[in-house]
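Sequence lines, in order, name chains U and X.
In terms of my numbering, the first sequence opens at residue 1 and continues consecutively.
In terms of my numbering, the second sequence opens at residue 1001 and continues consecutively.
If you're looking for bench data, these hints aren't it; they were derived computationally from the structure.
Hints may contain errors.
From chain U, some residues computed to sit far from chain X (all C-beta separations above 12 Å) [as the list claims (entries may be wrong)]: (1) R7; (2) L103; (3) S189; (4) D271; (5) L302; (6) R327; (7) Q350; (8) L357; (9) R380; (10) K384; (11) R435; (12) Q480.
Here are the in silico distance ranges between beta carbons for each label pair [unchecked claim]: (13) G1176(X) with G368(U): 20 to 26 Å; (14) E375(U) with I1033(X): 36 to 42 Å; (15) V1320(X) with R359(U): 35 to 41 Å; (16) L1122(X) with K315(U): 36 to 42 Å.
Covered by chain X, per the in silico footprint, the following chain U stretches (three or more residues, Cβ under 8 Å) [to be verified]: (17) 314-323; (18) 340-347.
Glycine included, every Cβ here is placed at the ideal spot set by N, Cα and C.
Residues per chain, in single letters:
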Amino acid sequence: MSHPLLRLRGISKAFGPVTVLQNIDLDVEPGEVLGILGENGAGKSTLLKLISGVYQPTAGTIELDGQPFQSLDPIEARSCGVAMIPQEFNLVPSLRVYENVFLGQEIRRYGLLDRRTMRRRTVEILASLNVDLNPNLMIGKLSVAEKQMVEVARVLVNDARIVILDEPTTVLTDREVAVLFDVVRSLQSRGVAVLFISHKLKEVKELCHRLLILRDGRPVELCATADLTEEDMAYRMVGRELAQIYPDKGSTPGDCALEVQGLSVPGLISDISFRLHRGEVLGLAGLVGSGRTEVAEAIMGLQARVSGSIRIDGKPVSIRDPDAAHRHGLAYLSEDRQGKGLILNFNVMQNITALSLKRYVRGLIRHGAERRQAEHYQERLAIKAASLRNPVGLLSGGNQQKVYLAKLLDIHPRILLLDEPTRGIDINTKQQIYRLIRSLADEGNAVLVISSELEEIIGLADRALVMREGQIAAELTGDQINEQDIMLYAAGARHRDSGAPEPALN
Amino acid sequence: MSESRTFGSQLLSGLRRLPIDTSLLAPLLALLILLVVSSLASEFFLNTRNISNVLRQVSYTGIIAIGMTFVIIAGGIDLSVGSMLALVGVVLMYIVNAIADPVQAVIMGMLGAVLVGALFGLFNGILVTKGRIAAFVVTLASMSIFRSLALYFTDAGEITTRNPLFNNIGGGFFLGLPIPVWTFLAMAIVAHILLMHTAYGRHVCAVGSNAQVARYSGIRVQRVIMSTFVIAGVCVGVSAIMLASRLNSVSPSDAGYFYELDAIAAVVIGGTALAGGRGSIWGTVIGALILGIINNMLNLMGVSPYLQGLMKGAVILAAVLLQYRRNT
């Protein structure tokens, strides 16, 4: 090989006066898995978008197979064999699985769509990924993990030579991650180069041959993965030693803040009962699709046909919509930050006050008071934004998440339901959010944390519930909150009548 | 070359720091250019009487366009406004003619027109939200229904009034400007405040931008969408009052004909995104003025009326193209 598959030389990218990427040199060989690490805002996403043709570099050259790679758009990049699987999927919800897999590259016969072949090929590809999925299902009905598999299948149809995976595991459970890794390895054995972006150092260590670490838009390290320990990686990413990621757990919980009894939503969850106490962080674990989100949504009045009873501070309440929930001191952070959490073209300020707007209205909105409050949160949560008047969509994922949290905090909730509170954000911001969650609990608030990351449940929760198939499979405390126990219950390998204690209910 | 570019970018960033919405710059600039060109093209253009006439003409569709702005920002569209204007006009004339006392007749007529407009808007809004039918389809249907009813009630004939006071509204002047112009201005100010400085306006933008986020934020999405159609209906009611009282008559076949297109065009030229989520009242006002001035200029220059539609279309396309450039 005279030249590598992909060669970057002196790549820089600036948006107006802001330089987000500086002087990147990189060679990628066929069959290589290259990890790209960096905090939010370090320039990872920008680098990927340059390679996949979404952005044009301000300076420098990109060569693919020795050919300069210019004036590309994502479609041309795709036809050159560069495929990106983004964090936010590009699937058409109203089309079926196989239609999405073959979108833009439909198989035709006599000029008409050859649905049968497309269906068959889709099943084959999905089967090679160990995924059992009906090719006729609408995308809108799939879980996040299933959607990702559809994206992967789409890339496989494409005969891509470079596949970019942007934070692919944040939305997956451990078992699904293992499946994904097998897929990556099989891509690699076919000579496909994989660029793998992740915040999870363990995964990078396990999967990648080489590593590119970015900090503030500059390359700080390009070396073989074997040369670095996870601590080294973290150190180089943040530029300082990371203290313990998880804060100390809390002391004895206080009174019961939220009591849920027999909560059911037909077809989604059944007979959910638990108590959430003041000063407590309760973890809610389970596989994707086990009904965790639906529990939170049912409590918030976001699901139809909910039965069961909810008590707040011992008093029965009836919650029909989120507005009522907010008035009872509840706040819910959705796992879908961009789809359900933030209005991306609203500015930071308008997003923060979206729930609490009433407080800023004296006939008209008092923009000054609104801005001061936003500044207060900007300082308290260390939100990095050029201006509070910038659309929140321009911020990095971690900063968006902080804005979302600020939005909840501004109604001074006493019970917080946080669904994947650290999805898709860097380790430094994660740590800040863990501290925030713990301090909220220490102030006497009750916090429910829904998470697919077992580590997070283990590190953060005082007590944990494990869900499986719409029901609570187990309640774990103390040392029981460990990876093995959680997985056994979540996967249904163990049931709670075989030794684990019943949830403490009357 | 590079110097001029830095100057340009400096100018741009300087303008950005001004306390006006930058999205208004393009339409505002277009309006200014149009004013200059028009006054050079025809000596009659800057004539007080001509200006006053143009402004009055603009007011009728401009008032409707204000309501349309709310509907579009919330993610909808209202095609029925033109037909609604005719039907509300007919109802208005009936009321004015039915009451003997001229003062009472005018007052009741005005209240009636606004109320009936609001009801028609509510009708559209209920079908869109409770009926879960696309706004385009609902208002396409009601466009047909309203026009048909207006024609039926009047047997397709013009209705006139002999009320001696009625004409003082649409035909009257205040401080040298026609009453409809003042009304337009007042409604624009109120609408601007409503949109930019109240929780309601914030909710309208939120719903149009991402209805799901709005729902999760405890905003009553359906109610907000419905209310925008009611606002559009109220604006139609006011416009009907202005138009009918100016002419002292309503023609059920001509009144409001193609107003929906002029109103939507004004909104789009003003920089409001047709996809919803953001927009501005002043943009709409400027858009309406641009359309009115183009019409007037073409008339003054003796251009065939058949070609005026072409100009209007070209301006709409240019405006949208400019917006597209800005957003990418």
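| Taking 12 Å as the cut and beta carbons as the points, is S189(U) off the interface with chain X? | Holds, since 40 Å exceeds 12 Å.
| query | Using the C-beta atoms of G1176(X) and G368(U), is the stated range 20 to 26 Å upheld? | reply | violated, 38 Å
| said: Minimum C-beta separation from L357(U) to chain X exceeding 12 Å: can you confirm that? | reply: violated, 5 Å
| request: Beyond 12 Å from every chain X Cβ: check whether that's true for R435(U). | output: R435(U) is indeed farther than 12 Å from all Cβ atoms of chain X, at 25 Å.
| query | Between L1122(X) and K315(U), does the beta-carbon spacing fit 36 to 42 Å? | reply | Because 38 Å falls inside the window, the suggested range holds.
| Beyond 12 Å from every chain X Cβ - status for R380(U) | At about 21 Å from chain X, R380(U) clears the 12 Å cut-off, so the statement holds.
| field | Assertion that Q480(U) lies farther than 12 Å from chain X (Cβ) | value | holds, 33 Å
| Beyond 12 Å from each Cβ of chain X, as asserted for L302(U) | violated, 7 Å
| task | Would you assess whether K384(U), listed as outside the interface, keeps its beta-carbon beyond 12 Å of every beta-carbon in chain X? | result | holds, 21 Å
| message | According to the definition I'm using, a residue is off the interface if its beta carbon is farther than 12 Å from all beta carbons of the partner; does D271(U) meet that for chain X? | response | holds, 25 Å
| said: A range of 35 to 41 Å was offered for this pair. Does it hold for the Cβ distance of V1320(X) and R359(U)? | reply: Taking Cβ atoms as reference, V1320(X) and R359(U) lie about 38 Å apart, which means the hint holds.
| request: Closer than 8 Å, Cβ to Cβ, for at least three residues: run that test on the stretch 340-347 of chain U against chain X and report holds or violated. | output: With 7 residues in contact (Cβ-Cβ under 8 Å with chain X), the coverage given for the stretch 340-347 of chain U holds.
Of the numbered hints given earlier, the model fails hints 5, 6, 7, 8 and 13; all others are met.
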